[in-house]
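Sequence positions in the sequence shown follow UniProt numbering and run 1 to 260.
Keeping only pairs whose Cα atoms sit at most 30 Å apart, straight-line, the calculated DSS-like set for lysine-lysine is: (1) LYS215 to LYS181; (2) LYS215 to LYS186; (3) LYS181 to LYS206; (4) LYS186 to LYS223; (5) LYS206 to LYS186; (6) LYS223 to LYS206; (7) LYS206 to LYS239; (8) LYS223 to LYS239; (9) LYS186 to LYS107; (10) LYS206 to LYS107.
Between beta-carbon pairs, the in silico distance windows are: (11) LYS35 to GLN120: 54 to 60 Å; (12) ILE184 to GLU232: 33 to 39 Å; (13) ALA46 to SER101: 44 to 50 Å.
In case anyone wonders, no lab produced these hints; they're calculated from the structure. Built from N, CA and C at the ideal position, the CB exists for glycine as well.
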Amino acid sequence: MAAPMDQRIAVPIDDPNADTEWNEILRKHKIIPEKPPSPTPMIEEAIVEARRLAHENRLEGKDLDDLDELEDDEDEDFLEHYRQKRMQELASLRKKDIHGSVYPISKPEYQREVTEASAQGPVLVHLASSLATNVESRVLAQLWRQAAQEYGDVKFCEIRAAQAIENYPERNCPTILVYHKGDIVKQIVTLMTLNGPRMSMLDLDKLLVEVGAVKESDMRVLKRRRDAEDAEEERVVNKGIKSSSDRRRATVDDDDDDWD
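Work the whole structure out from these sequences, hints included.
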């Protein structure tokens with residue numbers, strides 16, 4: 001007895017997502033699934049929203065001096081709103097500004113000045129090298145001083161690594177220890193992950209945000225980031241101008257050679 005024949009018919013489909021009359025018939029009879037919604041409207045909506053937020057937040061990171069320079073370009077009421085916001089932020093920071101300098105500590109002070117003090121907020125410790133030739137430790141010591149002045153609400157401490165931990169390897173210096181609520185929450189050995197000897201306040205800002213010592217929206221963080229972006233844009237523009245000038249000069253030189 002012959003086997004029954006397969007009565008199904010192969011339906012030719014070039015592109016199931018194409019907007020064709022044939023595909024509409026197939027969708028109607030549930031032979032192919034409904035066409036997924038186009039992502040284009042959602043993408044366009046996201047772009048519009050991103051532009052709106054960027055416009056509304058265009059003055060974030062601007063200090064009072066920056067705002068004064070924009071008097072001719074921005075609506076006065078809008079500027080005044082940001083002035084008041086900046087003044088409130090500055091007043092709030094001054095209230096929390098209880099440190100302002102690096103604490104050089106000894107081993108007997110460590111428990112009190114670091115472990116116990118971290119109950120009030122993150123405490124950052126620089127385990128420094130004893131060798132003047134350790135470039136990274138010298139770089140970090142300088143950044144530590146600058147950060148302590150700018151972030152007076154954060155406690156920065158420094159101690160010679162060999163004094164804090166007996167026989168601590170010099171190759172591990174500098175080491176950054178971050179304490180919070182009595183525990184070490186972050187440990188960084190050397191500056192390799194922080195841009196090495198080229199570490200800057202931008203790198204330190206990222207660390208402070210990561211460990212919760214300052215907020216991502218902190219005006220000091222935003223201003224430094226914006227200044228760096230502006231400097232990079234200016235560098236790129238100047239580089240483009242210089243390249244264009246060099247090309248014009250080379251063209252002139254070639255023309256001069258043709259006349260020789």
